[in-house]
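Take a look at the letters that make up each chain.
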Amino acid sequence: QKEVEQNSGPLSVPEGAIASLNCTYSDRGSQSFFWYRQYSGKSPELIMSIYSNGDKEDGRFTAQLNKASQYVSLLIRDSQPSDSATYLCAVNKGASGTYKYIFGTGTRLKVLA
Amino acid sequence: ETGVTQTPRHLVMGMTNKKSLKCEQHLGHNAMYWYKQSAKKPLELMFVYSLEERVENNSVPSRFSPECPNSSHLFLHLHTLQPEDSALYLCASSQAREPLHFGNGTRLTVT
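Residue numbers (my numbering), protein chains in the order written: chain A, 1 to 113; chain B, 1 to 111.
Isolated chain A (complex conformation) (with noise of 0.2 Å):
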């Protein structure tokens, strides 16, 4: 089993619509979690963390997690060309891993104009 895992896409979804990004992980001790947009050649940029149980919402972005079902999503609302890119799932290890991070593949999105 992958400590991080997302469905590899592509994820198509026509402009306008609501995007929705999932993300699994296996360590229960799992403490940080993040979502990272990665355009083609270019480096992750930080878009959404989320460290308690519930919603986070900032903008169009809305980051949700559920600790008991080790699962973490991403909600892009008003979905526009531009957010066409891979967005990367991460989770800091906590306790049996301060500085782990690891990541899953990747989920690739493409907005249909």
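The hints are simulated quantities; they were obtained by calculation from the structure and are not laboratory data. Where hints are given, some of them may not hold.
Said to hold, decoys possible - 25 Å max Cα-Cα, derived BS3-like pairs, lysine-lysine:
#	chain 1	residue 1	chain 2	residue 2
1	A	Lys110	B	Lys40
2	A	Lys100	B	Lys41
3	B	Lys19	A	Lys93
4	A	Lys93	B	Lys36
5	B	Lys40	A	Lys100
6	A	Lys2	B	Lys18
7	B	Lys41	A	Lys93
8	A	Lys42	B	Lys40
Guided by the hints, dock chain B onto chain A, whose structure is given.
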């Protein structure tokens, strides 16, 4: 300068060459990282330094040699690399459990 800066942006080297990647962070973070990103694979953690001490070493071949002279600078020394080492090498910094901040990366091609 702000954030995390990496040099060079692109590097082509032969298998017998020796080269170094450089990273500098201006964020006051206490940890610095090297990650490798190959096509169709997740980001692979190579090394972590916290307060200039190596705290993670993910079974990386000895042809990769990290150096952290202080909390703001990190190097990755490369020698006798293989073609399969061609990848994007990313430097990052963070405070513990806080988000990683990445540099722009070095695209390495080994010929």
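Results for each hint:
1. Lys110(A) <-> Lys40(B): The hint holds at about 17 Å.
2. Lys100(A) <-> Lys41(B): holds, 17 Å
3. Lys19(B) <-> Lys93(A): violated, 32 Å
4. Lys93(A) <-> Lys36(B): holds, 19 Å
5. Lys40(B) <-> Lys100(A): holds, 21 Å
6. Lys2(A) <-> Lys18(B): Judged against 25 Å, a Cα distance of about 34 Å means the pair is violated.
7. Lys41(B) <-> Lys93(A): holds, 20 Å
8. Lys42(A) <-> Lys40(B): holds, 15 Å
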